[in-house]
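Produce the entire structure from the sequences given, and follow the hints as far as they go.
Those sequence lines, one after another, are chains X and H. All letters in the first sequence, in the order written, are residues 1 to 114 by this note's numbering. All letters in the second sequence, in the order written, are residues 1 to 115 by this note's numbering.
Simulated from the structure, these hints should not be mistaken for laboratory data. Take the hints with a grain of salt, since some may be wrong.
What the hints assert, rightly or not - Within a straight-line C-alpha distance of at most 30 Å, the following computed DSBU-like cross-link-like pairs (lysine-lysine) qualify:
no.	chain 1	residue 1	chain 2	residue 2
1	H	K58	H	K69
2	H	K49	H	K69
3	H	K68	H	K49
4	H	K49	X	K57
5	H	K58	H	K68
6	X	K9	H	K69
What follows is each chain in one-letter form.
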Amino acid sequence: DSGVTQTPKHLITATGQRVTLRCSPRSGDLSVYWYQQSLDQGLQFLIQYYNGEERAKGNILERFSAQQFPDLHSELNLSSLELGDSALYFCASSVDGVYNSPLHFGNGTRLTVT
Amino acid sequence: AQSVTQLGSHVSVSEGALVLLRCNYSSSVPPYLFWYVQYPNQGLQLLLKYTSAATLVKGINGFEAEFKKSETSFHLTKPSAHMSDAAEYFCAVSEMGGSSYKLIFGSGTRLLVRP
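See below:
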């Protein structure tokens, strides 16, 4: 158990809809990362937060947004969903967000858009 | 920008045989390298990390990796495969940009272990 909790585990929704994925980092970790895993794109970095502030953006679509709250949990919001957004979304956390700190991953949220 | 390339999307070995999973990196600065393992329906779990203290890094579950700067490689090995090693393995390099840091992952290698 990595200590990172993601909810829900599975999500099935229709095109055009909006969903929210939630992540609770390991106790004591200040940095949260979101990754998308799909068969054709592999593991793609979406966004990083550190202690409530956005630190880095990757291949995140404009239809997607995220935030980290004062209690350090994070939410990833996906809107105007398309079939191609179907993927496994991982949250990871690290203690301080520096370059040699390992990331601890949750078990992911599997999103299916129909 | 840093990147990693994993050679072979699938590797099949017999139980008890040597496991060798290949990873080559591209980095303009001394890299920090990681290997992660993903079991079915689970998140990624850290196997080991290289942070320049030693070129041979030992990880969990009997895995180790050797950093070879001359070959820009960080291959993962295990002397004797076990059925429980069947999983997908990802090599990753850290990338820094200003105050941010993220991991860039390779495309993964699925390890199959034959009885």
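Here is what the structure says about each hint:
1. H/K58 x H/K69: Satisfied, since the Cα-Cα distance of roughly 18 Å is no more than 30 Å.
2. H/K49 x H/K69: It holds: about 15 Å lies between the C-alpha atoms, which stays within 30 Å.
3. H/K68 x H/K49: Holds, at about 14 Å.
4. H/K49 x X/K57: With Cα atoms ~24 Å apart, H/K49 and X/K57 stay inside 30 Å; holds.
5. H/K58 x H/K68: 15 Å, holds
6. X/K9 x H/K69: 40 Å, violated
The structure does not agree with numbered hint 6 stated previously, though it agrees with all others.
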